[in-house]
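*Asks:* Protein chains in written order, with the working numbering: chain A, 1 to 225; chain B, 1001 to 1225.
Simulated from the structure, these hints should not be mistaken for lab results.
Just so you know, not all the hints are guaranteed correct.
[Said to hold, decoys possible] Dumping the calculated DSSO-like pairs for lysine-lysine here, alpha-carbon to alpha-carbon at most 27 Å:
hint : chain 1 : residue 1 : chain 2 : residue 2
1    : A       : Lys182    : B       : Lys1182
2    : A       : Lys182    : B       : Lys1202
3    : A       : Lys184    : B       : Lys1202
Number of protein chains: 2
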Amino acid sequence: MDDLKVIEIKKSVFADNETDANNLRKELKDKGIFLLNLMSSPGSGKTTTLIRTLDLIKEKVRVAVMEADIDSDVDARKIKDATGVESIQLHTGGMCHLDAEMTRQGLDNLDLEETDLVILENVGNLVCPAEFDTGSVRNAMILSVPEGDDKPLKYPLMFSICDVVVINKMDVAPYFDFDLEKCKEYIRMRNPEAKVIPICAKTGEGVEAFAQWLLDEVAAWKVSE
Amino acid sequence: MDDLKVIEIKKSVFADNETDANNLRKELKDKGIFLLNLMSSPGSGKTTTLIRTLDLIKEKVRVAVMEADIDSDVDARKIKDATGVESIQLHTGGMCHLDAEMTRQGLDNLDLEETDLVILENVGNLVCPAEFDTGSVRNAMILSVPEGDDKPLKYPLMFSICDVVVINKMDVAPYFDFDLEKCKEYIRMRNPEAKVIPICAKTGEGVEAFAQWLLDEVAAWKVSE
């Protein structure tokens, strides 16, 4: 086969994830590395969105990707092939989320000297990943139109912890009963500060707004105390 | 408000879920009650599929519904209003799955004397619910076209434990790169015995095949030893 790195993630031994996540965030800050935690349901278009985003940012920032999945390695391979960006696959072996220690196991397999930004694509799941701080600087999520505009009502924690909600598959909105204004209102109920960015990853429409948000966040964080 | 029953589910105290699930299955068998565990991702159309199915079976079998959700009660209300079928809401309080003891807490709030079939709509999640036997006689899942045909590769356990895979939103297949034959092949890799039923819950197309499968399973199980 080829040289794709596939890391089998081990269960964490630390009981206090919150402390561990804060420590990891501090370590990454000292190294000048911004970690983005990207979450969503299965099939919302995380990987396609990521490929589009990487194409827009890879000349401007040194970026690497960690793809978490229960079993397969299709996503890391797809990203590496499509963008040339360093991508490794994290196998969770059935575990439904990543915590800070599991994230660290992935980071240990990246060349951090050459990296400003690491994007972690978390396990496809709107429940468990929301409960575990990965040590990321920012949390982003993708909600896709076919999932429905009522998801912020049903998965409150996920929406409340995300700094940005990308709404994908806007091109098929006419075929679904998806009300963008209603969805924004529900998101605001959970999280008045969250930025909402409608996109269509398939065509690339709107992705530049997400890419710009990410570049701005990385730049602001680099100069922060 | 109205009389919708909302049950706050407590964390299980039993360590051995497998034994507990087998006990629950036996108790339900003694009472002549068939439990179906219905799982899927968020937004795959579980509730709409259920409403269509209930309309087709409610005159033929005495059925009740338990809607598990982290927080809201929109689904149980929707089902009760649309079909008149007894529906209760189970709040998991952030928990990402139901085990047998949690299922039992829901069953205790139904009028089981008047019921042949209980359908449990599990939490929207392709990971954790697959790991916990609820005590059900059969497991069903819904995969929707927009989620992609590769999901059996990424969520192997879920597909391997399901007796039937309903593929919903077939009406939008032309707008997505969804290959039904490829999807069936991936499902067979995980579970050669699984029945695959393509439907469109929005229009009702194909739902009668799922309803018939369910009626046949209930009838066969009633006369089984």
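*Asks:* Indicate, hint by hint, whether the structure satisfies it.
*Replies:* Hints, one by one, checked against the model:
1. Lys182(A) with Lys1182(B): violated, 36 Å
2. Lys182(A) with Lys1202(B): holds, 21 Å
3. Lys184(A) with Lys1202(B): At roughly 24 Å apart (the allowed maximum being 27 Å), Lys1202(B) and Lys184(A) satisfy the hint.
In this structure, only the earlier hint numbered 1 is contradicted, and the remaining ones agree with it.
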